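Below are the chains, spelled out letter by letter.
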Amino acid sequence: MPDFITQWLNQNEIFTAMTILEYWNGLVNTVQLVFLSLVIGLVCAVPLAIMRTSRNPFVSGPVWLYTYLFRGTPLLIQLYIIYYGIAQIPGIQETFWWEVFREPFYPALLAFALNTAAYTTEIIRGAIVATPHGEIEAAKAYGMNWFMRIRRIVLPSAARRAVQAYSNEVIFMLHSSAIASVVTIVDLTGAARNIYSRFYAPFDAFIFVALIYMMLTFILVFAFRKLENHLLRHQRPISN
Amino acid sequence: MLDLKGYGPELLDGAVITIELAFLSLAVSVTLGLIGASSKLSSNRLARGVATAYTTLIRGVPDLVMMLLFYYGGQVAVNNLSDLLWEAYEIDFFFQFDPFISGVVTIGLIFGAYMTETFRGAFLAVETGQIEAARAYGFTRWHTFRRIIFPQMLRHALPGIGNNWQVLLKTTALVSIIGLTDMVRVAEEAAKAERMPFHFFIPVAFVYLALTAGSELFIKWLDKRANVGVVQGG
Numbered sequence: 000m001p002d003f004i005t006q007w008l009n010q011n012e013i014f015t016a017m018t019i020l021e022y023w024n025g026l027v028n029t030v031q032l033v034f035l036s037l038v039i040g041l042v043c044a045v046p047l048a049i050m051r052t053s054r055n056p057f058v059s060g061p062v063w064l065y066t067y068l069f070r071g072t073p074l075l076i077q078l079y080i081i082y083y084g085i086a087q088i089p090g091i092q093e094t095f096w097w098e099v100f101r102e103p104f105y106p107a108l109l110a111f112a113l114n115t116a117a118y119t120t121e122i123i124r125g126a127i128v129a130t131p132h133g134e135i136e137a138a139k140a141y142g143m144n145w146f147m148r149i150r151r152i153v154l155p156s157a158a159r160r161a162v163q164a165y166s167n168e169v170i171f172m173l174h175s176s177a178i179a180s181v182v183t184i185v186d187l188t189g190a191a192r193n194i195y196s197r198f199y200a201p202f203d204a205f206i207f208v209a210l211i212y213m214m215l216t217f218i219l220v221f222a223f224r225k226l227e228n229h230l231l232r233h234q235r236p237i238s239n
Numbered sequence: 000m001l002d003l004k005g006y007g008p009e010l011l012d013g014a015v016i017t018i019e020l021a022f023l024s025l026a027v028s029v030t031l032g033l034i035g036a037s038s039k040l041s042s043n044r045l046a047r048g049v050a051t052a053y054t055t056l057i058r059g060v061p062d063l064v065m066m067l068l069f070y071y072g073g074q075v076a077v078n079n080l081s082d083l084l085w086e087a088y089e090i091d092f093f094f095q096f097d098p099f100i101s102g103v104v105t106i107g108l109i110f111g112a113y114m115t116e117t118f119r120g121a122f123l124a125v126e127t128g129q130i131e132a133a134r135a136y137g138f139t140r141w142h143t144f145r146r147i148i149f150p151q152m153l154r155h156a157l158p159g160i161g162n163n164w165q166v167l168l169k170t171t172a173l174v175s176i177i178g179l180t181d182m183v184r185v186a187e188e189a190a191k192a193e194r195m196p197f198h199f200f201i202p203v204a205f206v207y208l209a210l211t212a213g214s215e216l217f218i219k220w221l222d223k224r225a226n227v228g229v230v231q232g233g
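Chains as they are written, first to last, in numbering that gives the first Met the number 0: chain U, 0 to 239; chain F, 0 to 233.
Think of the hints as simulated: they come from the structure by calculation, not from any bench. Values in this document were obtained by computation on a predicted structure and should not be read as measured data. Each residue gets a CB set at the ideal place from its N, CA and C atoms; glycine is no exception. There may be inaccurate statements among the hints.
Footprint (simulated), chain F over chain U, 3 or more residues, beta carbon under 8 Å [as the list claims (entries may be wrong)]:
hint, segment
1, 79-87
2, 168-181
3, 190-196
4, 201-211
Make the full structure from the sequences, and use the hints.
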């Protein structure tokens, strides 16, 4: 190893076992928060997207309003409303929910899940609307009922069209999750902010965490490229 | 009527700051985007490399982390520079890195990367025949850019610029975290002091909603104007 690196490693007071452990805990919190909100968001988004494409305005209207409100306002405000707002709901402090929502993790999870569900709903809706009409006609001709058409024809083909836009949303969510640190959650950014204020070393604290985020981003990009190749393998040019 | 408990004027000032911040960052990001796109399309390998590194780096790091780095790190860098200049040349130089400037720099840099991609695609969408024709008419490079490439590029870039602007507008809320008294910050302080979160955050949310909805209409109008004379397919 070059001399200056060993020298730097011996002299540095910041990257000790304690701070590395703090960053590690931050990483765990970030990954948990992002993963759970994405799963909840996706599970909610699929039925919402189907409702959003309904021709009945009483079904599609509320979903439109929901996505419009959540996509038109900053996530930070949604987080503040949920985080500060939940304690103000009359009577909540006597119920079991208070035990859950006292931890800042759960209000943040709720805010992130609602936000990503709104964006994902619109992504899936776009993909559903773009389903070639012939595919649906063919399914009808085969006698498939509505549910089976959705399950076997519309959703699989929509998933292929949605995966690219959804990968952007996932990366966006990872980056947005940094604001969890403002409601006292010690995620990656929260760990960096603690370490910054302890050592007054902005470059070490924030550049290190930026590199971790960048690594996570590249892992996601790589994984989604694999998934895309897998889903779209029927479109691959025949190898020569 | 909505009772803002005397925080009304402050909230209004905050809203003005939010809008100023958004427009200044937009100007920075469009400038950076044009430079970035030109570098990405240039034949100079160094320029291409720098532009690619820039867009990759920016898209890998959360905006908040970047903002904290510029805000806290920027001040430390300025202090160090100031000490150095004083010791070496006795030059008295100091500069306060305030949250507004950090916000404009960070948001400008981040969206500059997104604008680079938008403009790159738009430049590529201009037919080469158009450029060749301009050159054949004896247009200079600058003239070709100003009269032929830029106006046609803009039509292709508008939807992308519009999307970036909508995201940018919402990103401005983050500067409240580094202490700028924009409307989110005022609302947060008011909500804490009065213990009425819904009362202050929901109006602010609606201001954002009005801003995004207004921009959407404006962008649609611009798009219509830019596409005058284009026959839409399909």
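Counting residues of the segment 79-87 of chain U that have a beta-carbon nearer than 8 Å to any beta-carbon of chain F, does the count reach 3? holds (count 5)
Holds or violated: the segment 168-181 of chain U covered by chain F, criterion of 3 or more residues with Cβ-Cβ distance under 8 Å? holds (count 9)
Coverage claim, chain F over the segment 201-211 of chain U, checked by counting residues with Cβ within 8 Å (three needed): holds (count 6)
Go check the segment 190-196 of chain U versus chain F for me, would you? Three or more residues, Cβ under 8 Å, otherwise it fails. It holds: at least three residues are needed, and the segment 190-196 of chain U offers 3 whose Cβ sits within less than 8 Å of chain F.
Hint violations for this structure: none, all hints satisfied.
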